[in-house]
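If you read the sequences in order, they're chains A, B and C.
For the record, in the first sequence the residue sitting at position 496 is 496 according to my numbering, with numbers rising by one throughout.
Take any residue in the second sequence, note its place counting from 1, add 1000, and you have its number in my numbering.
Take any residue in the third sequence, note its place counting from 1, add 2000, and you have its number in my numbering.
Take these hints with a grain of salt, some might be off.
Claimed, not checked - Here are the computed lysine to any residue pairs in the SDA-like style, where the Cα-Cα straight-line distance is at most 25 Å:
(1) A:K635 to B:K1029
(2) A:K635 to C:T2117
(3) B:K1029 to C:R2065
(4) A:K428 to B:A1254
(5) A:K635 to B:A1254
(6) A:K302 to A:F236
To be verified - Computed far set for chain C versus chain B, every beta-carbon distance over 12 Å:
(7) G2027
(8) R2065
(9) G2076
(10) Q2079
(11) A2105
(12) G2124
Just so you know, these hints were derived from the structure itself, not from any lab.
Beta carbons are placed, not taken as given, at the ideal position from N, Cα and C, and that holds for glycine.
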Amino acid sequence: MSILGTRVVRIEDPRLLTAGGTYVDDLRVPELQGAARVTFVRSPHAHALITGVDASTALAASGVVAVLTYQDINDIPPPPPPPEGGPPPGSEAAPLPMGGVWQEPLLAVDRVRFVGEPVAVVLTDDTYQGEDAAELVSVDYEPLPAVVDPADALAGQTLLFPDAGSNLPVTIGKPADGAAFDGCDVVVERDIVNQRVAPVPMEGRATAASWADGKLTVWVSSQNPAISRFVLAGAFGLDPDSIRVVVPDVGGGFGAKIAVDRDAIIVAWAARHTGRPVRWVETRSENLTGMTHGRAQWHTVKIGGNRDGRVLAYRLEVVQDTGAYPRMSGFLPTLTSLMAVGPYDIAHVETAARVVVTNTTPISAYRGAGRPEATAAIERAMDLFAAEIAMDPAEVRRRNMVPADNFPHQTPCGAHYDSGDYAGALDKVLAGADYAGLRAEQARRRERGDVVQLGIGVASYVEITAADADAGETARLVVGGDGTATVYTGSSSTGQGHDTAWSMLVQSELGIPMDKVTVLHGDTDAIPLGTGSHASRSLQLGGVAVHNAAVEVKDQARRLAADMMEASEADLELDADRGLWHVRGDPESGRTWADVAGHAGQEGLVAAVHFTEAQPTFPFGTHLAVTEVDTETGKVTLLRHVTVDDAGIVVNPVLTEGQRHGGIAQGAAQALLEEMVYDAHGNPLTGTLADYAAISATELPSFELLESETPTPINPLGVKGIGEAGTIGATPAVQNSVIDAVSHLGVRHVDMPTTPARVWAAISEARDSQ
Amino acid sequence: MIPAPFTYQRATSVDEALDLAADGGEDAKFLAGGHSLLPLMKLRLAVPTVLVDIGRLGELSFVRDEDGHIAVGALTSHHDVVNSALLRRELPLLAHAASQVGDPQIRHRGTIGGSLAHADPAGDLPAVVLALDATLVARGPSGTREISAADFFTGLFETALEPGELLTEIRIPKPGTAGWSFQKFTKRAIDWAIVGAAVQGDQVALVHMGSTPLRAAAVERALADGAAPPEAAARAAEGTSPPDDINADGGYRAHLARVLVGRGLAESRSRSGQGHT
Amino acid sequence: MIVNGATVEAEVADRTLLVHFLRDVAGLTATNVGCDTTSCGACTVLLDGQSVKSCTVLAAQADGREVTTVEGLAAGDGQLHPVQRAFQAEHGLQCGFCTPGMVMATVSLLAENPRPTEEQVRTGLEGNLCRCTGYHNIVRAVLAAAGGAEGQESR
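Generate the whole structure from the sequences, applying the supplied hints.
Written as structure tokens, this is what we have:
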């Protein structure tokens, strides 16, 4: 009886619950003994020239070891020129800054382009001194006009990169086809905003570094240890073999801790430059302006179809605000364009995108990375279309979905969907939520004219996981002479529970019990090659790599056991329940894993795998949100949230549910509450957790998760990625439900977040125009 | 994240606290629960050089029935205010409002005196003591004095307390009418009120409709003139100057004030005469 | 200061925050700092049995008092505290960073309200942010620790 698919509590937990995790700030390793604390001096201006830096007072302060600016950077090579013919493509795994005229420096040279940009670093004996000393560093600024609104960026009156000639680093897509919407009975066009949000992992960014005996060791809160090593090697012009990256426990990443960022590289450089070990742990205020933000896309959606509910044409235009530096090039809107059509079969789909720089925090991946934006756009468009033709929004979706017998399915956007049952997911959710009952309750309240109205929002989605399937993942499995197994995985958990899942995979295949399996990750000395965890790739690449390594170990073991027992391989059986090799029909003839591995030699049984998939996989689902809106105040309450999130075969329902819950919460948070707000001068107005409305337990209900497993043929376990799906489905379902609650009052759209003020304004405006 | 350096001194009596504060001069501040002051100091928005810790002056933590009024010691924690059987019986508006301050951890440390002395117009308790016509008792180098709530809140984060003067007690007359309501409107439960209304009978005070808590004077006048609660509530924003911020502009706040006062009056009336909460 | 039953004594700067005293002087690093505006609750410990945010308490204010951190919850023989057991059983943690504070807030919540409703649990944890779990399983864990996940059918 395989352990796969059963509920297994996490093996990570006892340590986390008693001694607590060991995050970068908790490390007490000998190499960091006496480490100096790093405190950044950051720009308070969104856009300014730097005319002088005076560190003399700071240098005289207590405990100050050094104050470093760009002028001290004399020991690393300049960045490489961009390749001939255009900007580098950028990717999620290695979001390299665009070079050339868009180059982002390490420490600011002669200008700053966002509030929070690093200008200097102060090294002190302890943290408290660091805050004191940083205040004493005097920087002279000449403020420049700030560009905050993407429309202003496009107008180009003020350029962030004068040598670039514009604020537009990337343009993709084609101009609109004038005839695309001919033949549609109904066409709806709307501008909608997918607002800037902050990832807010509970642990902010943190890096420690030590340079000793020609080797640089960097401890970093990251999602990608191996890639980080190569990024650092490139940044410093060092041989990767002289760098060791260690990723300890990480307190959440959500895409914003992919590899290492600019500030981490500065910290590593400071260790190398001063010869003193250093540690940097950012404050939450630093995090809210210094860690990359997510989303920030401005959409124009145009949807056309007939009154029978069939959508014939859809166009999505995106303006991606990428913040002050185009760190991800065109990567995010490229994914948005790839997934623009969602789960629907629409004959004519067009996408186009422009990336603009603004004087704000740079944008990067955040749970979903381009796909929540695509889904939010088409799911709003479907509701707008449904309202226009006065058809039930769930029915409109059903009429346009790719049928379940139509897979694999090539979309007009260029994606190759592997497997899916979109209408099945929709129907399951509608039944599970009692859609008819909800509509009846809504009708009753509308009839009575209740102050508190009910809204029902539906969102159906398909999402792309392991978008970098060809980068694959590594696994090395060792079964030792003591019968225990050690897994060296290139995946890098930031809370997902890989130790538990990978141990389950080993137990399932080999019969070595989980408590005899150790999973190691995060140290490039032990695991030099791997990709890491982002793009919901870990299970289908890292987990399958573990599985495949186990299969290889099993094959090796079979040969050895046959030799030991003087039997033929064909006559041997592995009793996976007991971890015993025996001759078929003679269970007592068994050899244990310890026996067989001992026979293999000193190293034991070893298999090393680099598993790649032929293509990404495409989880899918439907979310249904039920909200109440107080029509006198605009206040929104999320009452229920029902979902199907089908990511193929489920290895451990406990872990899958946890990912769905967390994803739903972040998705709902974007719809209801969260937004990074800047004023016209580029000053962040939501720079602390008192102002940035990170969602708490009181704003959320318990979620209703329904089960659905549609396997993928793309990998031997039939698994897809669940990490981001919940977020992708939740945001539009919640947004749609809020609008649905007041649609009878004439409201057709409310931009996110649907704060009381926004909802009230929409109600008032609709009322005034009637 | 870290306060600027300061000298910490712990007082073992009220007199000692006053002496230490006097010695500390202009840059000395009293430290009670610290949950208004320390957050400001950690962001270096406040940089006192001397902190006089009065947190262990147990004699300032009490709730007493004193013949016509309830006396609450300034150092009574929000948690103790919430759980006081006496307050729940006699001043449910105060006991309930205290349960809305911050979160459970904050309520274990924060004190009623600290909140009132901090005088945040978005805070819950200043409006409540204003609605209840409380008298605040202060002790300073020149002795003890009483300040009416109406005179206590003088501006944004400003009170009538002189430097070196310590709030010791809040005296609240037992209300004539049993009905009460506390309407706190927020985006998230943890947030400061976007707007709030504290109602005790026909006395109404507003949270976050100006630089100080404000009595809704136009509402009270209308009620006194015999207006029905909905008509009176329509006047809730008169005489107020609601701020604009990222959560709401002045116009939306004014609208909320009218709605919340209307709901507060309705709830208060449904409670009155029941003799319990 | 008595921390988890053991006396810890040191001379520290007046402005030392209790959370830093616990982490750097007492060497108890399970309690984490997650924000700088007393918003997130990751630093929650018990001070004389009541939950407090240790980032907003001076070490000096806790002088002579009793402090309990998550490291002090398990019994001497290593047996997990019922709240710790419930958090594992219900998958109430993922990255673990908010967990020590969440667990201590829960201990205090249940001490004051031994049989909370789901709504009371959610309100009782309004001062503790989590980014990974969506709170769903944390609520289940608290209700389980209270001795009965009444009516908790949903997963």
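The hints, checked one at a time:
no., hint, verdict
1, A:K635 to B:K1029, "39 Å, violated"
2, A:K635 to C:T2117, "23 Å, holds"
3, B:K1029 to C:R2065, "23 Å, holds"
4, A:K428 to B:A1254, "45 Å, violated"
5, A:K635 to B:A1254, "15 Å, holds"
6, A:K302 to A:F236, "47 Å, violated"
7, G2027, "20 Å, holds"
8, R2065, "10 Å, violated"
9, G2076, "27 Å, holds"
10, Q2079, "27 Å, holds"
11, A2105, "7 Å, violated"
12, G2124, "6 Å, violated"
Violated hints for the displayed structure, listed by number in ascending order: 1, 4, 6, 8, 11, 12.
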